[in-house]
Structures are given as structure tokens and as C-alpha cells.
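In this note's numbering, the protein residues as written are 1 to 117.
In short, the hints are calculated from the structure, not lab data. Even glycine gets a Cβ: it sits at the ideal position worked out from N, Cα and C. Any given hint might turn out to be false.
To be verified - Cβ pair distances, simulated, as ranges:
(1) E80 with D46: 30 to 36 Å
(2) M25 with N60: 21 to 27 Å
(3) S91 with A9: 40 to 46 Å
(4) N60 with A32: 50 to 56 Å
(5) K116 with G31: 50 to 56 Å
(6) M112 with S29: 20 to 26 Å
What the hints assert, rightly or not - For lysine-lysine, the following DSS-like pairs were computed, each having C-alpha atoms within a straight-line distance of at most 27 Å:
(7) K3 with K82
(8) K24 with K11
(9) K24 with K6
(10) K3 with K20
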Amino acid sequence: MLKIGKVLAAKLEEKNMTQKDIAKMLNISPGAFSAYVTDTNFPRLDILVEICQILDIDLNHLLNLQNHENMDLLIQGKDEAKVIHFMRSLSHKEREILMESIQSSIRIIEKMKDLKE
């Protein structure tokens with residue numbers, strides 16, 4: 001599980017807020033928020049976004065996405081997961097060929113969109 005508790009605790013202290021304060025703002029129990037700070041539970045995405053807004057935290061920073069350590073969090077749905085897992089199974093050369101094909105497909109789709117306008 002991702003570890004976000006230290007960042008949350010530091011931001012709460014910086015904002016001079018208690019876990020009870022933010023839990024009330026999020027409409028969740030103080031115990032639920034405490035579980036996020038102790039890294040024993042992870043918030044739902046909608047709660048996570050609200051936490052970031054309230055505490056003025058960049059979501060990429062919180063999830064450590066800038067270091068690409070948690071990129072799987074960005075996968076949206078089964079189709080994306082299939083594509084990503086397939087790409088990861090390819091050799092470097094195979095991945096280059098696939099990317100060329102995808103870029104060609106994107107250009108074709110963009111041209112089709114232009115024709116519709």
C-alpha cells in the first residue's frame with residue numbers, strides 16, 4: 001500500500017489543523033482519517049482529491065508519481081491496464097514498433113476529426 005501518512009501529518013501541522021478538523025471537512029470519521037495518517041488504510045480517490053485541495057498538496061507529490069514509483073495508480077480501467085501490461089511485456093524494439101504504430105493511428109484519427117469539422 002502507498003505511504004502518504006507522513007505527508008498528511010506534516011501538512012496538518014503546517015496548516016495548524018487536527019485530524020478531527022479535516023475529518024469533519026471531509027465528512028468522514030476522525031478514525032477513518034487517522035487510518036490514512038498511520039498508513040493502515042488508503043482513501044478513496046474522491047476523498048484523496050479533497051484532502052489534496054484542503055491541505056494544498058500536489059497529488060503527484062503525495063503519490064510520488066514524479067518518480068514513477070506509483071504509475072499504476074494512473075491506470076483508468078481494464079482496457080488501459082491491458083494495454084500497459086502488454087507494452088511492459090515487449091522488448092525495447094517491439095515497444096518502438098508499437099509506438100510508431102500508435103502514433104500513425106493518432107495522426108489518422110486526428111485527420112478524421114478534422115474532416116468532421
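Against the structure, the hints come out as follows:
| no. | hint | in the structure |
| --- | --- | --- |
| 1 | E80 with D46: 30 to 36 Å | violated, 19 Å |
| 2 | M25 with N60: 21 to 27 Å | holds, 22 Å |
| 3 | S91 with A9: 40 to 46 Å | holds, 43 Å |
| 4 | N60 with A32: 50 to 56 Å | violated, 24 Å |
| 5 | K116 with G31: 50 to 56 Å | holds, 53 Å |
| 6 | M112 with S29: 20 to 26 Å | violated, 50 Å |
| 7 | K3 with K82 | holds, 26 Å |
| 8 | K24 with K11 | holds, 16 Å |
| 9 | K24 with K6 | holds, 20 Å |
| 10 | K3 with K20 | holds, 20 Å |
Comparing the model with each numbered hint stated earlier shows that hints 1, 4, 6 do not hold.
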